[in-house]
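Asker: Residue-level listing of the chains:
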Amino acid sequence: MKAARIGVYAFLIFAALFFLAPLYIMVVTSLKTMEEIRLGNLFALPQGLNFDAWRAAWSEACTGVSCEGVRGGFWNSVLIVVPSTLLPILIGAVNGYALSFWRPRGANVLFAALMLGAFIPVQVMVYPLVKVLAAVGLFSSLSGIVAIHIIFSMPVMTLLFRNYYAAIPMELFNAARIDGGGFWRIFAQLMLPMSTPIVIVAAIMQITGVWNDYILGLVFAGRDNLPMTVQLNNVINTTTGERLYNVNMAATILTSLVPLLVYFVSGRWFVRGIAAGAVKG
Amino acid sequence: MQLLCAIERSRAVSATTSVTARRRNAPWAALVPMALTVLVAYLGTTLWSLRVSLTSSRTFPNDDFVGLAQYQRLFENERWILALQNLAVYGVLFILACMVVGFLLAVFIDQKVRGEGALRTIFLYPYAMSFVATGLVWQWVLNPGDGMQRAFRQMGWESFTFEWIIEQDRVIYTVVIAAVWQASGLVMALMLAGLRGIDEDIWKATRIDGIPPWRVYVSIVLPMLKSTVATVFVLLSTGVVKVFDSVVAMTQGGPGTASDVPAKFIMDHLFGRANIALASAGSIVLLLMVIALVLPLMIARNKTSGGGGHA
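Order-wise, the sequence lines are chains A and B. Be aware that the first sequence starts at 1, since it is given in this note's numbering, and climbs by one per residue. Be aware that the second sequence starts at 1001, since it is given in this note's numbering, and climbs by one per residue.
Derived by calculation from the structure, the hints in this document are not laboratory data. As the structure is a prediction and not an experimental result, all values here were calculated from the model. One should not assume that every hint holds.
Cross-link-like lysine-lysine pairs, in silico, DSSO-like; alpha carbons within 30 Å at most [as the list claims (entries may be wrong)]:
| # | chain 1 | residue 1 | chain 2 | residue 2 |
| --- | --- | --- | --- | --- |
| 1 | B | Lys1112 | B | Lys1242 |
| 2 | B | Lys1242 | A | Lys2 |
| 3 | A | Lys131 | B | Lys1226 |
| 4 | B | Lys1204 | B | Lys1226 |
| 5 | A | Lys2 | B | Lys1112 |
| 6 | B | Lys1112 | B | Lys1204 |
| 7 | B | Lys1242 | B | Lys1226 |
Derived Cβ-Cβ restraints for the label pairs, each shown as a range [stated by the list, open to error]:
| # | chain 1 | residue 1 | chain 2 | residue 2 | range |
| --- | --- | --- | --- | --- | --- |
| 8 | A | Phe14 | B | Tyr1173 | 17 to 25 Å |
| 9 | A | Ala10 | B | Val1218 | 28 to 36 Å |
| 10 | A | Thr33 | B | Thr1238 | 39 to 47 Å |
Where a beta carbon is used, it is the ideal one built from N, C-alpha and C, also for glycine.
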């Protein structure tokens, strides 16, 4: 092997170690006892497979006054993610379909405004949105946080479907119209069945995006629906007394499990989503 | 079967006027959520925040207009100035480092290496993790007590010291490290896609001319990836203005307020310190910064390329 080749591999292996190190440290820390952590080495392997910290993180770790682990947050996140994936995809698909094929007057201006709006910082919108949701009785509720996720994901969902439908020949749509298909019928029976690839991409983006959200869940979900990320942060950063690093790392892994699983299973689809969402216009 | 019959029947009556009217209205009706989002969630909230920023509101919004006094107070506030400085340092270092690391990773992976799939998976997985989890992991790794510092000392590097996370002047750099770890895989993925789109003939031509590969990457390939670079830049910079979760998780803005960022300043003043006018002024400043950053890029891009969609 030539020196240049060795250099290439050396660089890549070094980089891979840097990227893997935090994951490795998370896993080994979660399997140690506090005794081992206090006396031992951050990089050292655990002395045995000890899952006590995982159990504690799941059902015993304290957030402020209550000690119920991140289990509640997990189920809250599930309850938030399911509708916050289905509804934004449906709305994004309808938007993209209407924009690509029906093009009602003014729709393109609306779309341009939607794309510009995606750049408005959350902080500008957050307080007035609290007021709006409170006025309609949705603040601090599951429906409220879902509505917020619909709003914040609408630009990218619409863009995904608009671009996808733009590649479908107009002739197909025209033929369906001549056959007497109306707006919803063409959507439900012709366009939606052809949309599987982009629906998968959109679902990957929404599941990981909504699961990983912190700020929206913190503000809008309310005490009873706090998502897992918020509970995780509370477990680690608001506890007083000794910091249980093994429990903290187990909780962090548990919280990252869903998006990581989606990532490892979806493979190239994940990258496709990033690329599709990144290419504006 | 019943459904099919119903569909057939509805097709039969589709000539009646009421149906055609509804059909014409359907596309408008379908866009109502989008119109509501634009009018209420975007325009409405922005105008509301702008209005509140011009008043003396504390806990509740009021109508006592004080002109630009809140903006003046904002820029006399040391914590806000520090937050802006942190954002500038974070923004420049984060974008630069992500670009360099991402591009290098993409170039090295593009050398027809073995295990490409595994490497790509390794470089991109942090991007699937939340900012909160990212911040918490790095908080643990970088804590001087039981973290990396002691590990290196135990392994024989007695003088190893890395306490940036508790140093006021340097804590923001630790947030940069965590963020670069999280996001440079994204740059790698996009750049690699760009590299794969480059014509093989260019490589053949430069090989014949005997131009060294690094030179080809810097002088020929990089300019060809201009639009990818622009996309990455927009993606990363919109992420910069948003930075909040990772700071909250990693340092809670500390030590003291040393790693404060504008988003956190605003959230604290909105929900913790009951000073919504000052917070709204901060959010409007943040919005103006985004506009100043994104608008030139949008104009430049619209000049070079037409819109998408059906012609």
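Asker: All hints are to be evaluated individually against the structure, with a verdict given for each.
Answerer: For each hint, the structure was consulted:
Annotation: proposed proximity of lysine 1112 of chain B to lysine 1242 of chain B is violated, straight-line Cα distance about 37 Å (limit 30 Å). For the proposed pair lysine 1242 of chain B and lysine 2 of chain A, the alpha carbon gap of about 45 Å is over 30 Å, so the pair is violated. In summary, the hint linking lysine 131 of chain A to lysine 1226 of chain B is not supported, as the alpha carbons are separated by about 43 Å, beyond the 30 Å threshold. For the hint pairing lysine 1204 of chain B with lysine 1226 of chain B, the CA-to-CA distance comes to about 21 Å; that is within 30 Å, so the pair holds.
Restraint check for lysine 2 of chain A and lysine 1112 of chain B: satisfied, since their Cα atoms lie roughly 14 Å apart, inside the 30 Å limit. For a cut-off of 30 Å, the pair hint linking lysine 1112 of chain B to lysine 1204 of chain B stands: about 15 Å separates their Cα positions. A threshold of 30 Å between alpha carbons decides the hint, and for lysine 1242 of chain B with lysine 1226 of chain B the separation of about 25 Å falls inside it, so the pair holds. Evaluation of the 17 to 25 Å hint for phenylalanine 14 of chain A and tyrosine 1173 of chain B yields a pass: the beta carbon distance comes to about 21 Å.
Separation of alanine 10 of chain A from valine 1218 of chain B is about 21 Å and departs from the stated range, judged on CB atoms against 28 to 36 Å. At about 43 Å, the CB distance of threonine 33 of chain A to threonine 1238 of chain B agrees with the hint of 39 to 47 Å.
Hint compliance for this structure: hints 1, 2, 3, 9 are broken, all remaining hints hold.
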